[in-house]
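**Q** Chains A and B, in that order, are what the protein sequence lines are.
Residue 122 in my numbering is what sits at position 122 of the first sequence, and the numbering runs on without skipping anything.
Residue 368 in my numbering is what sits at position 56 of the second sequence, and the numbering runs on without skipping anything.
The set of hints was computed from the structure by calculation and includes no laboratory data.
Errors might be hidden in some of the hints.
Under the rule of at most 25 Å between Cα atoms (straight-line distance), these lysine-lysine pairs were calculated in the BS3-like manner [stated by the list, open to error]:
#  : chain 1 : residue 1 : chain 2 : residue 2
1  : B       : K321      : B       : K359
2  : B       : K739      : B       : K360
3  : A       : K117      : B       : K359
4  : B       : K771      : B       : K737
5  : B       : K470      : B       : K321
6  : B       : K351      : B       : K498
7  : B       : K359      : B       : K771
8  : A       : K118      : B       : K737
9  : A       : K118      : B       : K359
10 : B       : K498      : B       : K359
11 : A       : K118      : B       : K470
12 : B       : K360      : A       : K117
Cβ-Cβ distance ranges computed for the label pairs, FRET-style [claimed, not checked]:
#  : chain 1 : residue 1 : chain 2 : residue 2 : range
13 : B       : E706      : A       : Q55       : 52 to 60 Å
14 : A       : Q55       : B       : I544      : 25 to 33 Å
15 : A       : E54       : B       : G738      : 52 to 60 Å
16 : B       : A361      : A       : D35       : 50 to 58 Å
17 : A       : E54       : B       : I544      : 40 to 48 Å
18 : A       : E54       : B       : A622      : 57 to 65 Å
19 : A       : D35       : B       : K586      : 32 to 40 Å
We put the CB at the ideal spot given by N, CA and C, even for glycine.
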Amino acid sequence: MLSRSAERLYWLARYLERTENVARLVSVHMNLLMDLPRGIEMGWQQLIRINASEQDFYENNKIVNERTVIRFLLTDSSHLGSLFSTLSAARENIRTSRELLPDEAWEQVNEMYLYTKKNLDSIINRRSRVLFLREILKGCQRFTGLLSGYMSHNNPYRFIRLGRNLERADMTSRILDLASLLLSDSRSDEMRQYETILWMNILKSLNALLMYRQQMHSRINGDDVLNFLLLDKNLPRSVGCCIAEISDSINRLPNHDALPEKVIELERYVQAIDTHHTTQVQLRGILDDLQNKLGELHRQIADNWFLAMTVE
Amino acid sequence: MKSIWESYKTESAYDELMYSEFQPRQVSYSLCQYLNILKKEDIDRRKKAAELAIMEMGISFTVYSDEGNIDRAWPFDIIPRIIEAREWKIIEKGLKQRLTALNCFISDVYSEQSFIKDGKMPGEIINSSKNFRKECVGMKPRHNVWANICGTDLVRNKDGIMYVLEDNLRVPSGVSYMLENRVITKRVFPELLQGINILPIDDYPTQLHDMLSSIAPHQNGKVTLVVLTPGIYNSAYFEHAYLAQQMGAQLVEGNDLVVDEDDYVYMRTIEGLKKVDVIYRRIDDDFLDPEVFRKDSALGVRGLMRAWKAGNVALANAPGAGVADDKVVYAYVPEMIRYYMNEEPILPNVPTYLCSNNEHLDYVLAHLAELVVKPANESGGYGMLVGPHASAKEINAFRQIIQKDPRNYIAQPTLAISTAPTLCKGKLEPRHIDLRPFILQGDRTFVTAGGLTRVALKKGSLVVNSSQGGGSKDTWIINMGDR
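In isolation and in its complexed conformation, chain A is listed as follows (with noise of 0.2 Å):
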């Protein structure tokens, strides 16, 4: 396999993963706030501020509200991490791997970037952005689902799993750090009326809620959420399951390196997060550190796999 097509792969899946974790968002979000009463701090807000992309968002916005937030998540195309952004990115990285993947796995890319162009316009109202978004998260679940079934699970498949699992790492610790918001304790009285909802809300965007009941047997509440969200390692978007992912992937793919033992590193640091004792600022520490540490990661797949661009 190709140097520079283990890296388009990856980008491939990390691209996608984005995608689909923009449409989910998105989606939950507007749920909530549907059950929420004005004026509560959870508005549009809180979307940019997951992504961190606050200070991108004022460049060109000056007001924040559901008009310039969605356009600012989905339609955006000067925002690199806009959903059609992040579509075209990935279709971008398709187009140029087409010999590795199954027909099947490009033509849903496309259509889903078509389909997103075509309705680039109506995404602004509520009732088509509903369907757009079930459209958008619906094609990434074929889009996995098709490789699951159509795709050798070779190096390729591996390399696609490997950026899965990073990004969704990335998010689920992203979309915790909102999580470290709700503990704070400067909360208004209002607020923690409203708290076991907004528990609720982070386990839907990351599609956790029906299997934390199965798994937690207690009712919602945060340190269950926190310990559930970090550490389970059955849970397709936990940090620890993704870790999991990534070790075994990397463990298969060859010429590894020393990679195998940063991963070990890693999950060892993931564990010891005791989510029972964690004050908000601690919390928000760990996830930053988790970040930061994904991020090496990731510059050491690079390092080990991909196209090193060399000066001739």
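Given chain A, work out where chain B should sit, using these hints.
**A** Structure of chain B alone, referenced to chain A:
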């Protein structure tokens, strides 16, 4: 209800489907009957379905323009073009004969040059050819085949005879569109295809794979094949990716490959360097190796020619094969067939005037208004003059261009090239078409069943190139049985 056939005029050219305005040819009878039953809305629906399929399958080509490169959906006409299998058999034989002779010629050019020594062709033509590569003299590619992949353009004149218009021996493109056109037709007219005996075409990638394997420098064990593309901004990138995928080959760009000190070619993989045996290169000679050809080429691979000359890697087509892809050399192909094969040409050439010949030049300059004048080494329909469609000013301008560089121009009579019914705004109208079959030569020779039919979508236009507003059609070779 209005029929889509309303006021179909067969005009003055040969029509591939219609014998006269109302009478289909025998070979297209079933198709025409079927189209007659369809309502206009049915046709529209199918046209839309085809367009959607093209979008979703991402069948595109890139157009270079001032505003940057645009990826365009492949323009496709849903009405197929039909040729009878008995006629096709003869054409196929003619194409094999032609490529065999061309390969004998290229081998000869890079060795004894007996064709020239025996006075069949002035040596000046080779000496002045941009595509003659002195670096290739003395090379002996496997099976003595230089042009492994050839796309030959055929047109049918008013007399009903198929003529060879040109042989594309450098990096002919279009075969992926031929394959995809059939996929779309199967989607759009599933019930129609069931009742007609159409020769299948989908074994092309397998044939290409086998041919490429047959030219590998070693014949023991697994052969590593790659398709070398100039990259995503090339107009045929879709095709490069498509063929690599269909063959299970790696699609590589120049900087994925490296020639090591041992003069072998390697690709950079996640497991380190891996040896490459055969390169199906879709890059012109000029850009292939900055060590030998254009120094500024960022697309090629430094040292590739060294590896090829050492016999460590096979290149298809071989460097230098383009010497026979020259419209002046074209004029000598019938003579090559007689000289090397001792046979009469099965497929005729279009009569060709060589501007390098003074007598011919005088004739051409006096008759520009009736002739088609083409540069000897361009492709894609660029830089040519269609006399009957040009203004007096354009003709005068072209006259000066020819006089400046007569070696580089040839002229041919304007053919009344054949037409086929084409869907234009919900109605069938005749549009001019050509045909590009693809021929593979390695240890044996293979011809696609049909080829890519290109159609000039503009009314009256004779230029079918996709870069110049042309489209394409599915091509059916129909077996009528022995009646």
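**Q** Each of the hints needs a verdict: does it hold here or not?
**A** Verification of the hints:
no.: 1; hint: K321(B) / K359(B); result: holds, 22 Å
no.: 2; hint: K739(B) / K360(B); result: holds, 15 Å
no.: 3; hint: K117(A) / K359(B); result: holds, 22 Å
no.: 4; hint: K771(B) / K737(B); result: holds, 12 Å
no.: 5; hint: K470(B) / K321(B); result: holds, 15 Å
no.: 6; hint: K351(B) / K498(B); result: holds, 19 Å
no.: 7; hint: K359(B) / K771(B); result: holds, 19 Å
no.: 8; hint: K118(A) / K737(B); result: holds, 24 Å
no.: 9; hint: K118(A) / K359(B); result: holds, 20 Å
no.: 10; hint: K498(B) / K359(B); result: holds, 13 Å
no.: 11; hint: K118(A) / K470(B); result: violated, 46 Å
no.: 12; hint: K360(B) / K117(A); result: holds, 18 Å
no.: 13; hint: E706(B) / Q55(A): 52 to 60 Å; result: holds, 57 Å
no.: 14; hint: Q55(A) / I544(B): 25 to 33 Å; result: holds, 31 Å
no.: 15; hint: E54(A) / G738(B): 52 to 60 Å; result: holds, 53 Å
no.: 16; hint: A361(B) / D35(A): 50 to 58 Å; result: violated, 43 Å
no.: 17; hint: E54(A) / I544(B): 40 to 48 Å; result: violated, 34 Å
no.: 18; hint: E54(A) / A622(B): 57 to 65 Å; result: holds, 59 Å
no.: 19; hint: D35(A) / K586(B): 32 to 40 Å; result: violated, 57 Å
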